[in-house]
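Engineer: Since the structure of chain A is already known, use the hints to place chain B on it.
Chains A and B, in that order, are what the protein sequence lines are. Take the position in the first sequence, starting the count at 1, then add 1; the result is the number in this note's numbering. Take the position in the second sequence, starting the count at 1, then add 482; the result is the number in this note's numbering.
Nothing false has been slipped in among the hints.
Reference listing, derived: stretches of chain A covered by chain B, where coverage requires no fewer than 3 residues with Cβ under 8 Å from a Cβ of chain B:
#1 26-34
#2 47-59
#3 133-141
Hints in this document: simulated from the structure, not taken from any laboratory. The beta-carbon is built from N, C-alpha and C at its ideal position, and this holds for glycine as well.
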Amino acid sequence: MNVRLDDSTAMSVSIEINGVVRTEAVEPRMLLVHFLRDRLGMTGTHIGCDTSQCGACTVWLDGEAIKSCSIFAVQADGHKVTTIEGLASGQKLHPMQEAFHEEHALQCGYCTPGFIMSSVSLLRHHPEPTDEDLRHGLEGNICRCTGYVNILKAVRRGAKAIAEADQDRGDLQ
Amino acid sequence: MIPPPFSYHLATSVDDATQALGFGGEDAKYLAGGMSLIPVLKMRLSAPPLLVDIGALRDLSYVRVDGDVVRVGALTRHCDLMENRALREYLPILSDVAYEVGDAQVRAKPFNCTALSSPIVPERKMNGVVVVNCRARVSASRPLKLGREKSDRMRSNFSFWMAARKSWRVSTRWISQPGHSSVICSWINSASARLSSRCRSRRAAGGGGFAELMGRGD
Numbered sequence: 002m003n004v005r006l007d008d009s010t011a012m013s014v015s016i017e018i019n020g021v022v023r024t025e026a027v028e029p030r031m032l033l034v035h036f037l038r039d040r041l042g043m044t045g046t047h048i049g050c051d052t053s054q055c056g057a058c059t060v061w062l063d064g065e066a067i068k069s070c071s072i073f074a075v076q077a078d079g080h081k082v083t084t085i086e087g088l089a090s091g092q093k094l095h096p097m098q099e100a101f102h103e104e105h106a107l108q109c110g111y112c113t114p115g116f117i118m119s120s121v122s123l124l125r126h127h128p129e130p131t132d133e134d135l136r137h138g139l140e141g142n143i144c145r146c147t148g149y150v151n152i153l154k155a156v157r158r159g160a161k162a163i164a165e166a167d168q169d170r171g172d173l174q
Numbered sequence: 483m484i485p486p487p488f489s490y491h492l493a494t495s496v497d498d499a500t501q502a503l504g505f506g507g508e509d510a511k512y513l514a515g516g517m518s519l520i521p522v523l524k525m526r527l528s529a530p531p532l533l534v535d536i537g538a539l540r541d542l543s544y545v546r547v548d549g550d551v552v553r554v555g556a557l558t559r560h561c562d563l564m565e566n567r568a569l570r571e572y573l574p575i576l577s578d579v580a581y582e583v584g585d586a587q588v589r590a591k592p593f594n595c596t597a598l599s600s601p602i603v604p605e606r607k608m609n610g611v612v613v614v615n616c617r618a619r620v621s622a623s624r625p626l627k628l629g630r631e632k633s634d635r636m637r638s639n640f641s642f643w644m645a646a647r648k649s650w651r652v653s654t655r656w657i658s659q660p661g662h663s664s665v666i667c668s669w670i671n672s673a674s675a676r677l678s679s680r681c682r683s684r685r686a687a688g689g690g691g692f693a694e695l696m697g698r699g700d
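Extracted from the complex, chain A is given alone in its bound form (with noise of 0.2 Å):
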């Protein structure tokens, strides 16, 4: 067995980010957050509580909404991580970026990315979500200025659109 006690090692992580992967030597007490906002740039990722709470350091790891504060880089070595960053294509924003948008469900921004996160990975598991699905979905993320009255109407014309997106998806294949 290879039990290197030595906490100064840096080790080599590959994390496959928004589809490219990234190698980089890290410490083992490296969060995946700060892995994202400082060697790599990636500032859509935000702290908030830093005590993971707030929810909005959220991002995918294999899929799944997880706080990103909460998680070391080491052990999300091999796997595939998706940010705010790789939801749009081009210039075209995501439908939920979109609803986000148009229902005004935002006022600082701060925690924006996290509930979008948050919400496109809960319309995956609730593609027609009631409003308990919202409310209990959504309890991981924390807006001080919104009120969740205008994100809970984002999320369902998001819901909306992503439904109809895959329906006509559907439709030409």
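Structural biologist: Chain B alone, transformed into the frame defined by chain A:
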């Protein structure tokens, strides 16, 4: 916030994990979901020299119905408990409680049977853990020495919370044996804030051990 430095070992098997933990001395810890441990490290309440990551042991993630016994692996995620059809049929209370734990992002991480293996359950993260007529088998790198005092304290913590939910039966037995320990109980609701504050004086936090739960439906 930046956690203190530590060495990291990615375990390839349960044996590898328990052996590796032995290398790290008394303060080495397991890392599964990290939803308890990582915030504790960030607040510098703990500084283990070694973390043994058991997150890749996928064969510890399962829900199996075997006759009248339901087995839940140590690394099963709360969201898997919520959505598991067999569990919904045989032990719906486990699915229902999983639904109330933490938030969606927390439920997507392995839960490491935190309430059993860790005396600190951060507020909000773990709203409830229910163990139904359950036996937990804990893998350990060294015999778990659970003296009467510690056993009684753990039991009183669990009982305290069970008593708080009057609709639930209060009955626990804590059995300590050399090499492994078992918790056998009817219902456990070890919850959030007060359990956390009662246990805060204890050194261990998160990453305590991992256990398979075996529950029998009523």
